[in-house]
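Protein chains in written order, with the numbering used here: chain A, 41 to 689; chain B, 41 to 689.
Careful, some of the hints might be misleading.
The list treats identical chains as one, so a pair stands whether inside a single copy or across any two.
Each computed DSSO-like pair below joins lysine-lysine, with the alpha-carbon atoms no more than 27 Å apart [as the list claims (entries may be wrong)]:
| id | residue 1 | residue 2 |
| --- | --- | --- |
| 1 | Lys97 | Lys213 |
| 2 | Lys653 | Lys345 |
| 3 | Lys653 | Lys398 |
Hints listed in this document are in silico derivations from the structure and should not be mistaken for laboratory results. Bear in mind that the values here come from a model prediction, so they are computed numbers and not experimental data.
There are 2 protein chains.
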Amino acid sequence: MRSNLCFSGLGAGENPPVAAVRVTGGLWGERLRVNREITLPAEYEQYQKTGHLDAWKLTWKPGDPKRPHIFWDSDVAKWLEAAGYSLALHPDPELEKRCDEVIGWMAAAQQPDGYLNTYYIVVEPDKRWSNLRDCHELYCAGHLMEAAVAYFEGTGKRLFLDVMCKYADYIAKVFGRGENQLRGYPGHEEIEIALVKLARAAGEKRYLDLAKYFIDERGQQPHYYDIEKARENRPDSWMERPGPNNLPPYNSMQAHAPVREQQNADGHAVRACYLYAGMASVAKATGDQSLVDACHTLWDSVTTKRMYITGGVGSSRFGERFTFDYDLPNEEAYAETCAAIALVFFANRMLCLEADAKYADVMERALYNGIISGVSHDGTHFFYDNILASHPLYHTFSHQKSPRRQEWYSCACCPPNIARLLASLGSYLYTIGDKTVWTQLYIDSQAELDLGNGKKTRITQTTKYPWEGDITLTIGLDAPTDFTLALRIPGWCRQATVAVNDQAVALDDLMNNGYAHLSRNWQDGDLVALHLDMPVERVYAHPSVRQNAGKVALQRGPLVYCLEEADNGPNLADLRLPPASELTVIPGPAELDGAPVITGPALRRDLTPWAGKLYATDRPAYVACQMTAIPYFLWANRAPGEMTVWITE
Amino acid sequence: MRSNLCFSGLGAGENPPVAAVRVTGGLWGERLRVNREITLPAEYEQYQKTGHLDAWKLTWKPGDPKRPHIFWDSDVAKWLEAAGYSLALHPDPELEKRCDEVIGWMAAAQQPDGYLNTYYIVVEPDKRWSNLRDCHELYCAGHLMEAAVAYFEGTGKRLFLDVMCKYADYIAKVFGRGENQLRGYPGHEEIEIALVKLARAAGEKRYLDLAKYFIDERGQQPHYYDIEKARENRPDSWMERPGPNNLPPYNSMQAHAPVREQQNADGHAVRACYLYAGMASVAKATGDQSLVDACHTLWDSVTTKRMYITGGVGSSRFGERFTFDYDLPNEEAYAETCAAIALVFFANRMLCLEADAKYADVMERALYNGIISGVSHDGTHFFYDNILASHPLYHTFSHQKSPRRQEWYSCACCPPNIARLLASLGSYLYTIGDKTVWTQLYIDSQAELDLGNGKKTRITQTTKYPWEGDITLTIGLDAPTDFTLALRIPGWCRQATVAVNDQAVALDDLMNNGYAHLSRNWQDGDLVALHLDMPVERVYAHPSVRQNAGKVALQRGPLVYCLEEADNGPNLADLRLPPASELTVIPGPAELDGAPVITGPALRRDLTPWAGKLYATDRPAYVACQMTAIPYFLWANRAPGEMTVWITE
């Protein structure tokens with residue numbers, strides 16, 4: 041089904057289609073089952089309640105309740121995208137019927153010229169394209185395009201794809217550098233990613249050109265948002281003035297400078313990482329080295345100076361934004377679920393550009409920590425912001441939404457974003473290049489990969505990862521084949537061993553950019569046994585992260601751990617983990633499905649000196665206690681209480 | 041001039057009048073000079089600019105600029121109060137002329153029935169007493185009464201006092217439990233303090249009765265604010281709903297329960313401490329033990345669970361309020377200058393109720409740290425919020441106003457509040473009871489005290505406190521007199537010695553509630569030499585203060601110290617002060633007037649493991665460095681940079 045339109049072919053590889061990789065068990069098998077069976081139907085019901093679905097019937101009139109909102113289209117689109125991925129692997133006539141119904145409304149709603157946006161068609165019909173800066177019109181279009189591609193690939197049905205190609209063609213007429221075109225670009229990026237996908241699915245390079253235009257035009261002078269504001273006679277806003285810390289105007293939407301001149305990850309974190317992912321997509325497709333360079337600069341800014349240990353990004357809830365280097369508050373963290381998802385998109389596209397395991401390390405960090413923390417164990421409740429420390433009394437005295445996952449949000453961008461990521465997770469396991477398969481994630485799974493040689497290459501991963509460090513990869517082939525299996529050795533792993541058909545392989549000579557390259561004539565049934573040592577690691581944040589001074593975090597494999605009050609009692613900040621404490625991994629409590637937990641001896645201060653006092657001058661004395669840490673993503677699934685990732689050492 | 045109306049006479053003592061104690065030198069001599077010569081004129085100029093003064097002419101009309109605001113009267117009142125205190129000790133015809141002019145406008149503005157409020161007279165003339173909950177009408181009245189008493193005591197002129205007595209008489213007619221009275225009380229407390237002062241100055245017990253009424257009626261059911269809201273047909277507000285952490289409605293203004301039932305310091309911190317000070321005033325004057333008990337409960341809540349080491353209170357900027365026990369964030373601290381001042385009022389009144397040095401310890405803590413931090417060294421710039429840690433890039437990404445003192449604020453309650461406290465500081469040095477003088481503060485000064493025996497008792501303090509721990513008290517008498525000199529031994533002091541006329545005194549038997557009681561027949565010229573050991577102390581916050589886990593603060597004498605970037609470079613959180621580091625006191629830099637600073641060996645982490653990385657697993661290695669700590673109140677007088685009170689140990 042997928043077009044072979046190759047564009048420049050720059051870069052290392054491509055992800056396999058969603059349909060090619062089936063997650064079969066383990067942690068992710070269960071999470072994907074919950075996503076499919078619980079979360080997707082629950083989200084559909086929410087959209088029924090809120091009016092998101094009815095909006096597509098275009099029957100809303102002034103005075104009616106449930107007025108369509110400027111971002112509603114994107115919510116439904118993400119759900120449809122998730123459904124499309126799900127249908128690729130798990131046929132479900134009921135789900136497909138629901139989708140076809142909505143898509144039918146969409147097709148009927150499309151205007152003769154191709155335009156499609158429920159808010160502007162029914163609420164402000166005269167205002168189309170009047171406020172690109174704030175009103176999410178191109179953002180919604182982008183999400184609809186991604187959904188259309190997913191649905192086309194998942195079901196083979198073209199209607200949605202055709203609708204969105206027509207919309208994209210119309211958008212390409214409206215925007216550009218021609219005389220009668222608007223020289224605009226989205227205030228909330230996303231369409232850049234979508235247009236590259238659409239170009240590939242439809243085999244139409246013009247959509248790629250449009251994506252490139254949006255990226256290249258961004259932040260140019262004279263500034264489109266100034267022009268738009270003047271044209272629309274809009275009042276002054278804070279956006280035209282220098283932002284926090286004198287960042288230039290429009291930095292909150294990464295439009296303060298042309299993208300190739302941007303040195304730091306600035307502004308709204310979801311927008312930023314969507315943009316960067318779009319830049320990497322366009323760079324790969326066009327071979328534009330200046331755009332690759334810009335991606336490197338922004339990648340380094342995000343991941344070496346502005347990223348939580350959980351893979352969360354965007355530390356401030358004021359503007360949902362990046363702030364400044366090494367500013368990573370824990371209790372006040374924002375770290376929106378959507379932003380960590382956007383970072384995975386960026387990381388995955390960098391992996392397609394360059395086979396460097398550092399990108400997969402970040403992708404894995406976000407997936408196992410700051411993203412799956414965003415959905416409850418039972419799949420029905422969601423975190424919008426993913427804090428790294430919690431005091432149950434704190435949040436009502438602050439701007440924090442809640443220290444518990446919520447059933448829904450008035451701005452419910454995160455729940456369907458998790459759903460679409462999980463439903464497409466299989467495609468992130470591998471990248472495939474010229475006679476090379478890179479394994480990027482280790483997950484119990486069956487893959488049937490197209491290495492471009494006209495034959496199917498099957499790889500079955502059998503593993504209890506992330507709970508254990510052994511992964512067996514079974515190669516299935518119709519005939520012996522030469523290719524390279526490039527096994528990612530995760531950055532967290534200090535000691536790995538590989539055996540092929542029980543023969544140990546000396547890794548040192550095979551390592552390159554974090555991958556062990558096994559090149560051979562593979563036979564059907566070949567067994568690759570990868571062992572990753574997975575001791576508990578103590579992790580220390582850069583000394584410039586002022587919030588983590590004197591503190592340590594615990595990580596085992598890709599999982600960041602945390603302390604919860606349920607296991608450790610209150611006053612978690614006072615629990616001190618001495619450097620010499622020996623840490624042990626044991627099965628955890630049943631209500632966390634026995635997930636391995638970390639225990640060890642710790643100390644708490646003797647409270648005697650503070651009897652009736654807030655401040656004391658006695659040198660603190662300590663009493664011994666036991667510490668138990670659980671995987672961070674499982675927090676807030678038991679009784680409410682304190683939580684902390686960073687522990688006083 | 042002061043009335044001898046004694047009321048119940050409950051409690052230990054009384055403060056001497058402002059005129060009786062002259063601060064002569066040292067730290068406070070200089071601060072009081074700056075207050076008098078720089079701050080008071082600067083504030084007058086601000087009020088000229090803003091329209092605060094012209095408001096009293098009642099010439100404002102709708103459409104005019106500089107519309108009077110509901111709290112403007114209180115600002116001018118605090119300035120007049122400060123001027124009154126200043127004139128008591130430092131005659132200044134120019135200042136007095138300015139005051140008399142304003143007071144003349146006030147007298148002319150007073151309505152025939154006694155009412156006096158610039159906002160309601162000119163802006164909303166029909167709305168008098170329509171919104172006690174929000175509109176600061178009784179709060180403004182209270183400040184005007186305090187000013188009138190100060191001006192009467194400072195100058196002997198009665199006009200202002202008479203105006204305010206007339207206003208108080210009118211208020212007493214409007215409010216009360218009678219049939220045609222409003223059963224209301226102020227949303228912003230303050231008038232309770234003022235009415236007790238007015239009662240004493242005017243010798244009229246009925247003002248005390250009104251203060252008692254306001255306190256007793258507060259928080260009773262049916263709730264006056266519900267009644268008022270219904271009567272005025274006001275829309276619903278968050279105040280009628282349970283507040284943060286399900287605190288009952290109206291907790292933000294301490295009206296959620298009758299005051300004797302309140303168990304915790306809740307809500308807006310300035311209001312709370314003004315209320316508590318008013319309660320202590322009324323308790324002392326009426327002998328109401330149930331009110332004394334309530335004061336104890338609230339004192340303990342504030343000072344053993346909700347107070348910064350600087351004496352700052354009200355940790356959250358959302359609602360300028362108390363939050364919950366042990367919640368004392370540093371970088372996000374609010375700790376409004378006015379709230380620390382209000383705590384001094386509360387502490388001082390508790391000292392008058394009970395001679396217990398713990399109250400003076402808190403008073404001294406606030407004065408030397410969280411209050412004088414509120415004004416710049418040169419007396420022209422002010423902090424509204426007094427944070428305990430600062431990163432110069434942080435504030436623009438948060439709700440923090442600024443990490444630098446500002447010249448003025450649109451809600452400029454703090455600057456004149458500091459001014460009135462400093463101008464009356466002398467009266468806080470002593471409390472005087474039956475043949476007893478308690479020394480509460482050690483400050484270079486000359487006092488002429490009335491011990492009720494018809495003779496003047498002069499006490500001259502000669503000291504370099506707080507820089508050094510030696511205080512000489514010289515007794516001046518016209519004839520030998522029996523009385524007890526009760527010397528406060530500060531809570532921070534572990535070792536004190538006292539000698540009278542060079543004869544050492546054994547302190548152990550003389551100590552009671554933190555005072556060394558020297559009872560004798562004093563002779564003119566007797567010399568009391570008090571020595572307070574003043575080593576650097578390491579202070580540890582209660583282990584439940586999660587923000588200070590693993591951290592230590594430095595204190596010497598009453599002064600809390602902090603690290604500034606100017607002395608220590610950036611990344612202050614990474615500076616680690618090992619428990620064994622020997623700390624030395626040396627003269628500080630010239631731009632801080634050579635104030636003693638604390639130095640010692642410290643450590644910083646070797647950055648090697650984090651090269652190009654945000655997270656590392658190497659056990660941290662340290663490199664030696666030198667630490668320099670300056671008195672907290674002097675921070676932000678040099679180049680902008682980081683600051684922290686709590687240091688990683």
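Hints and how they fare:
For a Cα distance limit of 27 Å, the shortest separation of Lys97 from Lys213 inside one copy, 26 Å, qualifies, whereas the shortest one across copies, 65 Å, does not. In this assembly of identical chains, the alpha carbons of Lys653 and Lys345 lie at most 27 Å apart only when taken from different copies (8 Å versus 39 Å within one copy). Taking the shortest alpha-carbon separations for Lys653 and Lys398, only the inter-copy value of 11 Å comes in at or below 27 Å, while the best intra-copy value is 49 Å.
Hint check: no violations occur; every hint is consistent with the structure.
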